[in-house]
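Protein chains in written order, with the working numbering: chain L, 43 to 351; chain H, 143 to 400.
Be aware that one or more of the hints could be misleading.
[Said to hold, decoys possible] Chain H is faced by these chain L residues, among others (derived, beta-carbon under 10 angstroms):
(1) 90
(2) 96
(3) 114
(4) 116
(5) 117
(6) 121
(7) 130
(8) 138
(9) 141
(10) 147
(11) 194
(12) 197
(13) 236
[Stated by the list, open to error] Mimicking DSSO-like on lysine-lysine, the simulated pairs with C-alpha atoms at most 27 angstroms apart in a straight line are:
(14) 183/L to 399/H
(15) 309/H to 231/H
(16) 399/H to 309/H
(17) 183/L to 231/H
(18) 172/L to 231/H
(19) 262/L to 330/L
(20) 172/L to 183/L
(21) 152/L to 183/L
(22) 152/L to 172/L
(23) 231/H to 399/H
(24) 63/L to 399/H
Calculated from the structure, these hints are not laboratory results. It should be emphasised that the depicted structure is a prediction, and the values quoted were computed from it without experimental measurement. In this text, a Cβ means the ideal position worked out from N, Cα and C, and glycines have one as well.
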Amino acid sequence: MSALLLQDLRKTYRNGFEALKGIDLEVAPGDFFALLGPNGAGKSTAIGIVSSLVTKSSGRVEVFGQDLDRNPEGVKSAIGLVPQEFNFNQWEPVAEIVVNQAGFYGIPRKLAWERAEQSLRQLELWDRRKDQAISLSGGMKRRLMIARALVHQPRLLILDEPTAGVDIEIRRSMWSFLTEINRQGTTIILTTHYLEEAESLCRNIAIINQGRIAEHSSMKRLLNQLHNEVFVLNIAQELTRLEELGGYRWQRLDEHTLEVEVNRGQSINGLFQALAQRGLEVISMRNKQNRLEQLFIGMLNASRGGAAK
Amino acid sequence: MTRFNRYRIAFQTILTKEILRFSRIWIQTLVPPAITTTLYFIIFGNLIGQRIGEMDGVRYIDFIVPGLILMAVITNSYSNVVSSFFSSKYQRHVEELLISPVPSWVILSGYVGGGVARGVLVGIVVTGVSLLFSDLDIRSYGWTLTVFVLTSILFSLGGFINAVYAKSFDDISIIPTFVLTPLTYLGGVFYSITMLPGIWQKISLANPVLYMVNAFRYGLLGVTDIPIASALVIIIVFISGLTAFSLYLLNHGVGVKS
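Excised from the complex, chain H in its bound form (with noise of 0.2 angstroms):
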């Protein structure tokens, strides 16, 4: 068997072993995403919505839909990684991989794979519940789904990393309550930072996820804040060292080796 082959394998077995993971909890995985978003477009989007009008020339429960549908995105496909990565060293199965001629980069892929599936899954769930309440009418399907698949890895690269480092289930709570959650809420998916005063416009540019919440919403809406060039270069810049820090990580056993 060729060493293609034997990659192969093992990557479909890793990945395959992931989305069995979450859609066997499929009530604690999918469901929820689905509940939140449907609050979330029942109070901003219809009861405050309708009094804000519109917000880039776009009706208000309309400007919303990508930012909830990637934050759901984002959410899921960092809490699919940190907290499968971490059981498995919790529970040291992930011996079962260290043992086995699994190449660092095979394993990466595969755990980020499973992030990517479960970050797809819920974006088609919460994107079913936002058809329910706005008249989504996308540009440009390319573009969306480059941006959709493209934060998920960004994401589940997040999630690894914090599990390689974490020590306890405290530790793979801390950086998506403190980090995370309020990055996403800055990042531009209830407003446009054309309405921040120019200091904070400014600041507002140093997050990473403002970014790609307006190339999400350009690929759906046709409109943004920034460049979206430069968003796409932001974030493939971020997945390549993200990439690179996982890799090393791995190659020395950092977290998972003694």
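Bound conformation, chain L alone (with noise of 0.2 angstroms):
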């Protein structure tokens, strides 16, 4: 049985744009799984007809074995949903919002409160439970939403956008509160315009784009889809006699900073090797470009090609 089930989903809004072309997709239980995609390429749509915010024109929705059509009040009682706006009355107070959430779902005021008190807790939000929601920072009204998705308990949580516009201490202490509860069995679909957070967060991965599935896969696959890395080094000694680097194409960024292409069959030991070899001490070392944003460019301009043909 699989965590969410989509079979030749198709949506075509009122105004004739056909936001999904049928998509077949499939989470597994206890996964985290990201979907990615540009802007306008259908995640959202997917992710509001799962969560029954927008009607499906055709295709068919399970999760964890319950068909959406069939029995929704089960589908929606495992879903916990994280949407990319803030969605909630910004004028009531902190803790109400996720109590009231938890009331929806029909559960007792007193489990309710014990219930939003541990996770406003876990979401440093417990001081500001009498707060109105509006004097919230940003990463607040995220986090926020997080402890309301969670109130009921849902199986499968989708979070749409959760770290936009977040500084990164929030969004690392959200990535290692999400990771635990993902620990912990929830399975976790998550859509991010930042790729860092899906490669390090994510096992298995789809890729939309035009209301297609352009990639459907482990992260670990797609990434060795990769047939090159650029590596930025930053070195002890000048590199103004630096010729050649054994069979490695580099180039100078400036007189202590070398940037170094590492092609499939070749390694970064050899790498090393090579430089010590020419007396050069390696200070250190970063990525060029995150290897998941580099595929993903590198399929979009691959799919735009192919359109343009």
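Starting from two chains that each stand alone, build the complex the way the hints lay out.
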């Protein structure tokens, strides 16, 4: 049984725009799954359909074996949604927003307060529980939406760009929180524009483009498709005498910085040896571009090229 | 947990949320009807009413009490639901309900319950004010309460439908201004339709508010211009029709889903 199963899912809006052109997708229980794509690709439409905010034109949606058409209440009970836009009553106190959401799921008030306290504490919002939501910072509002989505303990948590506009410190604390709830068994589907976020958190991935699934595989397999990686190295010595680097393509960015391309068949160990043989010591090293980003841009460019033909 | 209990908790949550919403802004929701009614009583009841004398066999100031109470109930029930549901669409927190396992009829009951709660509270406030100006001797508590609550339900449903179709704040004030207020003022609040020429009496019978005002006046004063049984039937028919239509709109996601 899949956590989420989409079969030939299609959506055409009233203005004639075909947002989804028949997508098939399967997410396994317990997975941390990335759903990526450029703006307008159809990610939010797909999420909207699964969470009952958008009416599908045709196709099938199943969540933990329950069909959305036959058992919408069962599907809704299994899902927690953190949408892209803030969609709570900004004038209500923080805790009330979470407790009311629990009430909509039929959770008794006392239990709802216990759960609200637990998740608000975990997300460092408990001290602000009596404040109106409008007074929270952007990062706090995002965390509030996560607390609200978790109050009924869903088996599937869908996060639509949960870290958009959030500073790096809070983003990292949100990552560790999400990793922990995934470890405890909650299946997570994440859409994000921060590709390093998807690469570090998710085990499986689908890329959606122009209403179709362009790629659906494990993160590892996808990253293996990379033919080369480009590294930027900070070298202790001056690079004025460097002429060749044992078959590695390179260019000097400044007197102490080197950009090296490591192709398939070559290794980083080999690069280090080549540098050591030339009396060069590496102080630090980083990827020039996030690996997933590199693949993602390549895929989009390829599909645009295909469309142009 | 049984399905009934889940629905009961969801209904209570929506209702409590709605009551808290208008209670938090009580200066905007509960005080204005008291002030408006006081002015009506002073101007129409005391100053002009003394010169009019009696209408349908009762003092004019007593004659207008039921209409004024019901007018406040109608306006407040309608505006509570229309503004609350439209705000929830505008701020998108209606999505909290749409993604939850709450059936349409529970959502509708919760919002209508909020409208009725505000209607009843305002009704009590206005009744309190009217006691300062008139001697109310309620003829039938059961009848009065029934019409009071049914009218509130009916106009809460009206407010809900208005909110579903509204796309801007202008849209939620057009119906109250151009439809609700004329219907209420021409619904026999300040006069008996027996005073009107024949053709206008017949036209007035097409106004549903007339039946509610008269049914309510019958409960309070024991006087009416129309048969009260037909008034009750008409109110129930309207409630049934509007409920069915509201549920259709919600089930099809009109105005709330893409």
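- Kindly indicate which numbered hints from before are broken by the structure, ordering the numbers from low to high. Hints 12 and 13 not satisfied by this model.
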